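A.B. asks: Each chain, written out:
There are 2 protein chains.
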Amino acid sequence: MSGARQGSRGPIDCRPGTGISPAGMERNLMDRIVTRTLSCGMALLVERMSGVKSVGLAWNVPAGSAHDPADRVGISAMWAELLLRGAGELDSRAHADALDKLGVSRGTPVETFALGVSATLLGSRLADALPLIVDMVRRPRMDERQIEPVRDLCLQAIESLKDDPQERVQVMLKERHAPAPINRSSLGTVEGISAVKADELRELWEARAKPGGSVMALAGDVDADAAAKQLERLLAGWSGAGERLTWDEGTAPRGYVHETDQTNQVHIAVAHDGPAEKDEGSWPERVATAVLSGGMSGRLFTEVREKRGLCYSVYASYGTDATFGRTVAYVGTTPERAQESLDVLMGEIMRLRTEEGRVTPEEFQRAVVGMKSKLVTSGESSGARAAALVRDYHRLGRGRSLEEMTARIDALKVEDVNRHLRGSSLGRMTIATIGPQALKVKRET
Amino acid sequence: MSGARQGSRGPIDCRPGTGISPAGMERNLMDRIVTRTLSCGMALLVERMSGVKSVGLAWNVPAGSAHDPADRVGISAMWAELLLRGAGELDSRAHADALDKLGVSRGTPVETFALGVSATLLGSRLADALPLIVDMVRRPRMDERQIEPVRDLCLQAIESLKDDPQERVQVMLKERHAPAPINRSSLGTVEGISAVKADELRELWEARAKPGGSVMALAGDVDADAAAKQLERLLAGWSGAGERLTWDEGTAPRGYVHETDQTNQVHIAVAHDGPAEKDEGSWPERVATAVLSGGMSGRLFTEVREKRGLCYSVYASYGTDATFGRTVAYVGTTPERAQESLDVLMGEIMRLRTEEGRVTPEEFQRAVVGMKSKLVTSGESSGARAAALVRDYHRLGRGRSLEEMTARIDALKVEDVNRHLRGSSLGRMTIATIGPQALKVKRET
Numbered sequence: 001m002s003g004a005r006q007g008s009r010g011p012i013d014c015r016p017g018t019g020i021s022p023a024g025m026e027r028n029l030m031d032r033i034v035t036r037t038l039s040c041g042m043a044l045l046v047e048r049m050s051g052v053k054s055v056g057l058a059w060n061v062p063a064g065s066a067h068d069p070a071d072r073v074g075i076s077a078m079w080a081e082l083l084l085r086g087a088g089e090l091d092s093r094a095h096a097d098a099l100d101k102l103g104v105s106r107g108t109p110v111e112t113f114a115l116g117v118s119a120t121l122l123g124s125r126l127a128d129a130l131p132l133i134v135d136m137v138r139r140p141r142m143d144e145r146q147i148e149p150v151r152d153l154c155l156q157a158i159e160s161l162k163d164d165p166q167e168r169v170q171v172m173l174k175e176r177h178a179p180a181p182i183n184r185s186s187l188g189t190v191e192g193i194s195a196v197k198a199d200e201l202r203e204l205w206e207a208r209a210k211p212g213g214s215v216m217a218l219a220g221d222v223d224a225d226a227a228a229k230q231l232e233r234l235l236a237g238w239s240g241a242g243e244r245l246t247w248d249e250g251t252a253p254r255g256y257v258h259e260t261d262q263t264n265q266v267h268i269a270v271a272h273d274g275p276a277e278k279d280e281g282s283w284p285e286r287v288a289t290a291v292l293s294g295g296m297s298g299r300l301f302t303e304v305r306e307k308r309g310l311c312y313s314v315y316a317s318y319g320t321d322a323t324f325g326r327t328v329a330y331v332g333t334t335p336e337r338a339q340e341s342l343d344v345l346m347g348e349i350m351r352l353r354t355e356e357g358r359v360t361p362e363e364f365q366r367a368v369v370g371m372k373s374k375l376v377t378s379g380e381s382s383g384a385r386a387a388a389l390v391r392d393y394h395r396l397g398r399g400r401s402l403e404e405m406t407a408r409i410d411a412l413k414v415e416d417v418n419r420h421l422r423g424s425s426l427g428r429m430t431i432a433t434i435g436p437q438a439l440k441v442k443r444e445t
Numbered sequence: 001m002s003g004a005r006q007g008s009r010g011p012i013d014c015r016p017g018t019g020i021s022p023a024g025m026e027r028n029l030m031d032r033i034v035t036r037t038l039s040c041g042m043a044l045l046v047e048r049m050s051g052v053k054s055v056g057l058a059w060n061v062p063a064g065s066a067h068d069p070a071d072r073v074g075i076s077a078m079w080a081e082l083l084l085r086g087a088g089e090l091d092s093r094a095h096a097d098a099l100d101k102l103g104v105s106r107g108t109p110v111e112t113f114a115l116g117v118s119a120t121l122l123g124s125r126l127a128d129a130l131p132l133i134v135d136m137v138r139r140p141r142m143d144e145r146q147i148e149p150v151r152d153l154c155l156q157a158i159e160s161l162k163d164d165p166q167e168r169v170q171v172m173l174k175e176r177h178a179p180a181p182i183n184r185s186s187l188g189t190v191e192g193i194s195a196v197k198a199d200e201l202r203e204l205w206e207a208r209a210k211p212g213g214s215v216m217a218l219a220g221d222v223d224a225d226a227a228a229k230q231l232e233r234l235l236a237g238w239s240g241a242g243e244r245l246t247w248d249e250g251t252a253p254r255g256y257v258h259e260t261d262q263t264n265q266v267h268i269a270v271a272h273d274g275p276a277e278k279d280e281g282s283w284p285e286r287v288a289t290a291v292l293s294g295g296m297s298g299r300l301f302t303e304v305r306e307k308r309g310l311c312y313s314v315y316a317s318y319g320t321d322a323t324f325g326r327t328v329a330y331v332g333t334t335p336e337r338a339q340e341s342l343d344v345l346m347g348e349i350m351r352l353r354t355e356e357g358r359v360t361p362e363e364f365q366r367a368v369v370g371m372k373s374k375l376v377t378s379g380e381s382s383g384a385r386a387a388a389l390v391r392d393y394h395r396l397g398r399g400r401s402l403e404e405m406t407a408r409i410d411a412l413k414v415e416d417v418n419r420h421l422r423g424s425s426l427g428r429m430t431i432a433t434i435g436p437q438a439l440k441v442k443r444e445t
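Chains as they are written, first to last, in this note's numbering: chain A, 1 to 445; chain B, 1 to 445.
Each hint should be verified, as a subset may be incorrect.
[Said to hold, decoys possible] Calculated pairs, DSBU-like style, for lysine-lysine (alpha carbon to alpha carbon, straight line, at most 30 Å):
#, chain 1, residue 1, chain 2, residue 2
1, B, 229, A, 374
2, B, 374, A, 53
3, B, 413, B, 372
4, B, 413, B, 374
5, B, 372, A, 374
6, A, 307, B, 162
7, A, 162, A, 197
8, A, 413, A, 307
9, A, 372, A, 53
10, A, 372, B, 229
11, A, 229, A, 53
12, B, 53, A, 53
13, A, 53, B, 372
14, A, 372, A, 278
15, A, 162, B, 307
[Unchecked claim] Across the chosen pairs, the derived CB separations fall in these ranges:
#, chain 1, residue 1, chain 2, residue 2, range
16, B, 280, A, 127, 32 to 40 Å
17, B, 124, A, 413, 18 to 26 Å
18, B, 124, A, 127, 31 to 39 Å
19, A, 413, B, 191, 51 to 59 Å
20, A, 317, B, 124, 23 to 31 Å
21, A, 203, B, 249, 57 to 65 Å
22, A, 415, B, 139, 31 to 39 Å
23, A, 145, B, 167, 33 to 41 Å
24, A, 159, B, 249, 33 to 41 Å
25, B, 423, A, 199, 50 to 58 Å
26, A, 226, B, 360, 31 to 39 Å
27, A, 244, B, 190, 52 to 60 Å
28, A, 260, B, 415, 54 to 62 Å
[What the hints assert, rightly or not] Here are a few chain A residues that sit away from chain B, every Cβ distance over 10 Å (derived from the structure):
#, residue
29, 40
30, 195
31, 226
32, 244
33, 249
34, 277
35, 416
36, 422
Derived by calculation from the structure, the hints in this document are not laboratory data. Given the structure is predicted, the values throughout are model-derived calculations rather than measurements. All C-beta atoms in this analysis are idealised placements derived from N, C-alpha and C, irrespective of residue type, glycine included.
Generate coordinates for the entire structure from the input sequences, incorporating the hints supplied.
C.D. replies: Quick look at the structure:
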């Protein structure tokens, strides 16, 4: 779906990041975000941060886990490894040496809608590093002798999940709450990875890694014009658009799923629906989640952990995409306390949406201050800013400045949050548990 | 040991952070670090960072896991919880509300030599937050009704380690490699936590939480004079020094320890000695560790993961303290590959110290660039800078600027690293494994 979003503006398009400023060549210097669509069709977002010597790079290519062919689930996990093992003229060792020589920390996270290439480095090294980074996507070697070791590693990663029930319960939750193919683990499946052939890796990458649907963000010590000019050169000749994803929301099974395992803790994860990023309700929902889980005065922390001492770890987290939103809550506790922990967790999620449980002005105030404080702190990290810009573009088609988001929070009132909560639907909920025994699920919406 | 380091300078002492500048009231504006010993005896380090709106606070109090009485191991873990549950006039809820209202993210990490209080917030809120934060250390309530829930949580945290073999193997390694009492897990023990009485919590905290041996660092949007003045007021009347720790290096058992567990992965951890921070060898050792594990061209990544595909996760990490240093390496792999993984890991650690395995000029170059790059990136985070200053003060008695550390790295030559490696001793090594079967340990130094 979002993977197919293709740039529609020409290479000279250059607009500020706020929605309220007029489009055109003008730049809003205050929020410092420059957005361009390069000739090839890829979107480029650049934010210069003052007082910063590093630059964060985030590049999403429409080849995420949801794009994997149904009988090759995990091919994206193999690509993530292979992109780090040689590109262009440089074999695996030479390419790694070259990037390390420039002091580039990098990674290739597999996400649902994208394969990411992320990097942090000194701004002064960016011009030297970009050719090496671009080669990872445009000319990965996928040398024959790398394929089997990579397959092995990917299978090991799945295997190691067996020793990590806290992570595994999240995989179970996503698989059941979201419809296929956007319900997949980033690790892939044993069957899918075992079936992948060397030729498929190369051919399918060629077909997937397209500028249309790709987006790159640079944040920190970076000059937008120079970076854009260099990227135009490096990406010349790249063309086409990634595959359009579709799914049917109605196909997700949801409900309750339990895995019996003689773990010492019971791991409980809960998911419910929420507004998509572009929906008016996304900011009120974010405040509501902060009331539930935003700080040590959050309701979950207070009710589940502090008052009842039910668990060591409890949280709720709200995430959005272009067309949907989702809140995921987790509690890990002892088998004896598991049922009560689940009941209290579900109770708090529901209570927030009732008249008696409405958000108080004090809670609202704390939530808003905490959100703004975290916004500033994460805004001081070049890597976090680059990642946020790419996420914004994927969800909204544009990058938002910290100032815009702060203003959005400042405009909220507690009544907005309560009105939103009363009118919001959680959808049918999903509960996943891992532990010695299944729990009783009292209510599903 | 280091916990007893007490400030010897008066309240007007104010010196720049570099060792080369003359002491006195003068400030080295370039590196921006101001160090003072407050009237109470606590050291205060302040670094103003330009272009930053947040401030990071790190405060170490000499009440770490190593300070726990031998029959109350884990009392520090209980304090870490209790410090977050009410202080001064404010009960648990009111105190949490007050800090959340100011947007203060905080934590209370238990370390070997200190109980930490860490916070990140907007610089503009610091003056309002400091009284609340100071109360956590000087006037924690430790209300009766909080004690049992906290004890329960601490016991649960230990219990949850059973589901986390990757973390557990590190606990085993530390326990065996370091001498008592500096070999303890930050979680404490079931016996120790079960034995703690409510009165002991309050009385022992009173005895431990002293200004002598305490150090606070503030980094980011902060004015040193204003902060020092406010802290002088808030800490007036606080006096005394923390307990002096002693240990006998010779008492650590070291060698090989295995825990049989039907895990899916085998978790292998290795420790060897290295230079203390103040030793000339600490920087060459840091470069050597970067050659081993600093980037994707690092030897471990190349030899263990990439060439042989032996494991998904492998790394080595060198850490220092005031009087000792330690390198910890980890590899997680399948039972079939475990023996070879351990052998290759040990082989690479040894080879680095041989003539054939010496660090090449290219490796040296990459390691140094990577270290400097990471230094800059972490230097842009106010929280990371505050933590680094406190760590520096604990190990060296002063804070180091990024400029000083960069200059130190720039002064190194590859010959220095190889000379250091040839002359360095690993001490007797420790190996800890968790998995279905014990491994064969071929060599221990």
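A.B. asks: Determine which of the earlier numbered hints do not hold for this structure and return their numbers in increasing order.
C.D. replies: Of the numbered hints given earlier, the structure breaks none, since each of them holds.
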